[in-house]
Each structure stands twice: as structure tokens, then as C-alpha cells.
Amino acid sequence: MDFHGIDLNLLVAFDALMGERNVTRAANQVGVSQPAMSAALSRLRTLLGDPLFLRSADGLLPTQRARDLAEPIAQALRQIEAAMVEKPAFDAASATLTFNLGLPDYPSFVLLPTLLQALQTQAPGISLNVHAVNGRDDAVELLDAGAIDAAIGVPPSNADGRIKARPLLRDEFVTVLAHDHPAGRHGMDLDIYLSLQHVLVSPEGHLYGAVDHALAQQGRRRRLALTLPHMFAVPAVIAQTGMTATILKRVALHAQASHQLALFPPPLALPEIVFDLMWHRRSDTHPAQSWLREFIATQAAISCAENGTHASRR
645 MDFHGIDLNL LVAFDALMGE RNVTRAANQV GVSQPAMSAA LSRLRTLLGD PLFLRSADGL
705 LPTQRARDLA EPIAQALRQI EAAMVEKPAF DAASATLTFN LGLPDYPSFV LLPTLLQALQ
765 TQAPGISLNV HAVNGRDDAV ELLDAGAIDA AIGVPPSNAD GRIKARPLLR DEFVTVLAHD
825 HPAGRHGMDL DIYLSLQHVL VSPEGHLYGA VDHALAQQGR RRRLALTLPH MFAVPAVIAQ
885 TGMTATILKR VALHAQASHQ LALFPPPLAL PEIVFDLMWH RRSDTHPAQS WLREFIATQA
945 AISCAENGTH ASRR
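So the sequence shown is numbered by our numbering: it starts at 645 and just counts up by one.
Since the hints were derived computationally from the structure, they do not count as laboratory data.
All the pointers check out, no bait thrown in.
Estimated spans, in silico, between C-beta atoms of each pair: (1) I917 / A720: 35 to 41 Å; (2) H775 / Q678: 23 to 29 Å; (3) L838 / Q900: 24 to 30 Å.
Here a beta-carbon is modelled for each residue, glycine too, at the ideal position from N, C-alpha and C.
All chains should be modelled from the sequences, with the hints used to inform the complete structure.
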């Protein structure tokens, strides 16, 4: 390779294109015009002998060559930046700004009270603007668009390297039944479980969940009577009906109707649910963004310790 054809700006352009998957957004991030970014991409293609990015309905899709280069180039740029640019420390106590967070119902319920209480004492000038995240990939779309600074949710189906993540919260499933339901008098085995009508929680509106996947592996099926997008409505429904549901343990324990429920271990093996803290790679080294992520992780650990649940630390 002729290294005389490489300049640092080309690597910066590549990194922006890899992160944004859009020429216009990458140009805005770097601070150049859209034609200049297109010209940089053309030079990169010639230099590397590869198209690097292919156009699609979902934006620019990186080739395998681009994927192989992405992390080494990103690391090299971060090292150069760290060596040459001294970033001022972020003073949360005196800062006045708003962070945008993408949250589904569960982490909102688990974390928001602790986060806001800590902000009032540690960073009174900082406020939060919460955006609803329902589908598995909603957070990725909001992070790509720059609409949010960070998100908490289940891992997306395809983050493709541009979305960074660290485990934040863990919870396990429990099966719930009205406390006076006769089916629960002698425990909950699989035959009793399958004799009941079930409530499924699916933010995306699917009619198939983790329970159904586990049952299918045994050649079994359950009867669905109700599908809901929000888990927090389930305890009240179960308390007033003869139905059952398998939901996250903390939701069952802290629901208003918890005293009307009987909780059982699910009669089949189900995976632990992990909620990740996610952010876009473009904000990975930003001082304020770094502070926000550490603040959220710390408060998650405090909240879970106080309530006897599990927080994940990197």
C-alpha cells in the first residue's frame, strides 16, 4: 500500500461514516460539506481497493473489509486524540444541561426515582428528557439519529458495532397467579401451567415470547388469552382473573396488586433477562456523556442493592 495517499482526515471520515451510515450525517459530525465527505469516501475506496459502504434502504451498509477496519481505526483515532487533545473535566455539580435518555417501562420504574434523587443533590443543574423505547431496536434508531444520549434496554437484534453497550440490570422470570387460585395450592408444575390461560407481554405485539420458545423445544404449547405491550399492567389482570403470566420478578414484587398474587418459579428453564446501557460510538469519549454513563451505572448498583436485586457492572 502507498502510505503517501493516506492522511488523517480520511481516517476521520471513515470513522464517521462507520458510525453514522449516512454521508450527510457523517459530514455534519466531522464539520465538512456533503460533497467533501463523498470525495473522501471515493478516495478511501480507491486507496483500499474496496467499496467499503454499499447503499441500501437502511443507509450505508459496511462491507466485510470496512468491518475489519472499523475497530482498529477507531482505536487509533482515540489514541491520537488522547495524546494531542486535553479535554476539560466535566463538572456535573455546576453544569446546566439536559440529557436525553431512551427508556422502556421496566428501567424507568427501577431506576428513575434513584437517578432523579441523586441528580438533585449531586448535579442540580442537570435534567433528564425521557424518550419511550418499546421495540427491541427503537434505541438503535434513536441513537443513530442523535435523538438520545443513552438508552437502557434489552440488547438490540443488530447493533453492528456502532452501538456500544455494557450490562446494567438483571432480573429473572417468575410465574404469577391469583393468590386464591386453586391451581396454585400444590405448587406449579408444567401440566398445571399448561392447563391455564396465559398473558403474554410483547412490546412489539408478537404472539411468541421466551416461554413459547422454551415450550417449543419440548414440543409443547400454551394457550394465550391476552397479549399486552406493557408488563406493569399484568399483575392487576392476574389478580382479577384465573389467568397466569410469566413476568420479571421485580415487577411482580413491587406491583400494587402484589399482595393478591402467588409467585412460583417457572416450570421450565428460562434465561435471565439483561438490560444494557447503550450509547453511540460517536459519544464514547465525550466527557459529559462518559460522566452520564458512570452516573447511571453507579445509581443502578445502589438501587438494586437497596431492593435486593442484581445490577451488572462492567
